[in-house]
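4 protein chains.
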Amino acid sequence: MTTKIEELKYVKNIMREIATYVLKTSEIVSEEQIKRALELLVNAYRNNKTVLVMGAGRSGLVGRAFGMRLMHLGFRTYVLGDTIVPPIRKEDLVIAISGSGRTKLIITAAEAAKSVGAKILAITSFPDSPLALLSDVVVIIPGRTKISAEEDYFARQILGIHEPLAPLGTLFEDTTMIFLDSLIVELMSILGVSEKDMSNRHANIEL
Amino acid sequence: MTTKIEELKYVKNIMREIATYVLKTSEIVSEEQIKRALELLVNAYRNNKTVLVMGAGRSGLVGRAFGMRLMHLGFRTYVLGDTIVPPIRKEDLVIAISGSGRTKLIITAAEAAKSVGAKILAITSFPDSPLALLSDVVVIIPGRTKISAEEDYFARQILGIHEPLAPLGTLFEDTTMIFLDSLIVELMSILGVSEKDMSNRHANIEL
Amino acid sequence: MTTKIEELKYVKNIMREIATYVLKTSEIVSEEQIKRALELLVNAYRNNKTVLVMGAGRSGLVGRAFGMRLMHLGFRTYVLGDTIVPPIRKEDLVIAISGSGRTKLIITAAEAAKSVGAKILAITSFPDSPLALLSDVVVIIPGRTKISAEEDYFARQILGIHEPLAPLGTLFEDTTMIFLDSLIVELMSILGVSEKDMSNRHANIEL
Amino acid sequence: MTTKIEELKYVKNIMREIATYVLKTSEIVSEEQIKRALELLVNAYRNNKTVLVMGAGRSGLVGRAFGMRLMHLGFRTYVLGDTIVPPIRKEDLVIAISGSGRTKLIITAAEAAKSVGAKILAITSFPDSPLALLSDVVVIIPGRTKISAEEDYFARQILGIHEPLAPLGTLFEDTTMIFLDSLIVELMSILGVSEKDMSNRHANIEL
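Chains D, S, L and A, in that order, are what the protein sequence lines are.
So in this note's numbering, the last one in the first sequence is 1311, and the numbering has no gaps at all.
So in this note's numbering, the last one in the second sequence is 1311, and the numbering has no gaps at all.
So in this note's numbering, the last one in the third sequence is 1311, and the numbering has no gaps at all.
So in this note's numbering, the last one in the fourth sequence is 1311, and the numbering has no gaps at all.
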């Protein structure tokens, strides 16, 4: 059986939808929260503390992509789920990513980190979630439910359909990916790390 | 030692830079290439073929995020690097993601897939790269070097700095993430899969 | 600085120690427990249920090695920590490996599986551990503490040292690896799967 | 459908078969090869070089289990396939595990490591394999084919069956796991690392 695709209905619209969402988020994300997040990161770097990044599912993959860049910057960084993860100690930094702030394994892991005196930085859509409440610093990245009215408008008016478009956590995940990549540039500047330095720390054998 | 961050220089600008890059890409990505990519995917789905997604480093993480969504759509999908990966057979689909199109382990793996008669879909910035040349269908997602003039302009004029901004493969990776998430919505429509169907196929125990 | 190694003190002795430990365990592991474990596995296979294998650290790696073989046998199997993990439903089988039976993330995950009606098979050293108590079937594989007297004797008399030899969970992990590989052969016989069938289901592109 | 298991035919026999195979291997593995392998490891440790462990499939899992223990000993160690892998440099150590010595992705990766001047330690059954030939030091761990006559004898005479018992690479993988765990004890002695030191370096948050 062979299918022919005659016409694209969504691809380019959704690319625009997600990019527009990121633009909106860049306007509303809290500068104060970002500064506090950067302070945790810079202090971990300068005091040579371990930074452990974690998240479940696609949020975990976004966290891993951030962890790689932290390594390129010279951080002593690890990601939950890798084989090689050292113990977390007092004053180490744990970065937990969860749109809902309610992912059980992440909360269990964050509580374990907190119990040994690590700092917790949460990236979540919900300031009142269990994850946010146990964290030292929270950066709120909106998920779909947070701007549902506008989105529904977008969906109904522009594309003529009633279902929300980017499914499930997509908007949170993609926006968080780009937000964290933007933090990396700020950290390059603060820590005086050039792109060439990062390239030199890039894996030369990897999958 | 404690550092205070007084002022953000880049975070919001870089979020805008990346989002703007995605918007530009949505205009220039080839509809014809996208249609051919969708045909490979839809045929794999309808003929119950295995889809193996692969990439190295951050491109691999973007591929894994896409693989998860393919699973939510009901594809028989796997990602290279997972413990559980079945053999690839004739007419299965391998999706290889590499900005440069030159990543050795990915080319080795794609050649192995080709030798058993699998179809190869490449996502890369370079149509003349070894990966593109061995693939059945190629979707070109531009990387930084492809629009360097504009970007340099952007960097110099708007932000007043000389270094390129989003480092290394960031623009390719983030744009590919959003492009692939947009393909998912097109596939939802073509295959008649609702968000609720996807939610029902979402892992309930995961890290 | 270059170091020369003049003499081996432990390698061959420890290989013998671990192998001897496996031999002892083959005598004392409960046939009744093994039969009940096999029943859970065979029923999952015959009813096409998902089998999710999980463990933390080295126990998780042993579980992954078992998961691969289950896939070769034709099971619908996944391992926690892989990118691709489907939802767990009523009557699916979760295999949890933990020497202590107290690993927090594993207990959290096992409880989540139990709450949706999955069957839980635990491989642990401790029949009274939280993991064992919440499981449907438990196979006890002894860990070091369980036969410490003999081991201490072995260490003191044969090798002339006072510390236990194979460190931490090594004896549990290696014995469990071999025990699970032995279950695979029993399953080959019960399910009528030949080595050639398994070879045909072996990944041809993998890392 | 419910299956009852009335009788175990293989489990305990196979446990004994594998343990006996490990015992035999402990007699025939080359002391000279082990000493040279230990020298590479000890020099990496004392000169603070990166040790990258790699293997495909179940050999890769055995490698990861070894990598974890190297971390517990205080090595600067990583495993191929983890998210966090630093670049490999001149004089770093790559440990490649492949029963056949012919696994394509592993040879590609080992060649890449060699090209930057890293040392390669191979664990394989075949001294003439491509992997062995490009390595600085090789430890031969026999796989099934190497002692097939004896094994066939064992299978036929003792257990009354004609098929080889532990399927595919099982004997190589399990024996290598135990061999590498035995190397760990030798390294504890050489480097003066106690079990308590190792326990202090054990992950306290892990999956």
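No lab work stands behind these hints, which were simulated from the structure alone.
Fair warning: there could be bad hints in the mix.
It does not matter which identical chain is meant; a pair holds if it fits inside one copy or across any two.
[Claimed, not checked] Only pairs whose alpha carbons sit at most 35 angstroms apart, straight line, appear in this in silico DSBU-like list of lysine-lysine:
| hint | residue 1 | residue 2 |
| --- | --- | --- |
| 1 | Lys-1300 | Lys-1208 |
| 2 | Lys-1300 | Lys-1116 |
| 3 | Lys-1208 | Lys-1108 |
| 4 | Lys-1128 | Lys-1300 |
Hint by hint, work out which the structure violates, then give me just those numbers in ascending order. none
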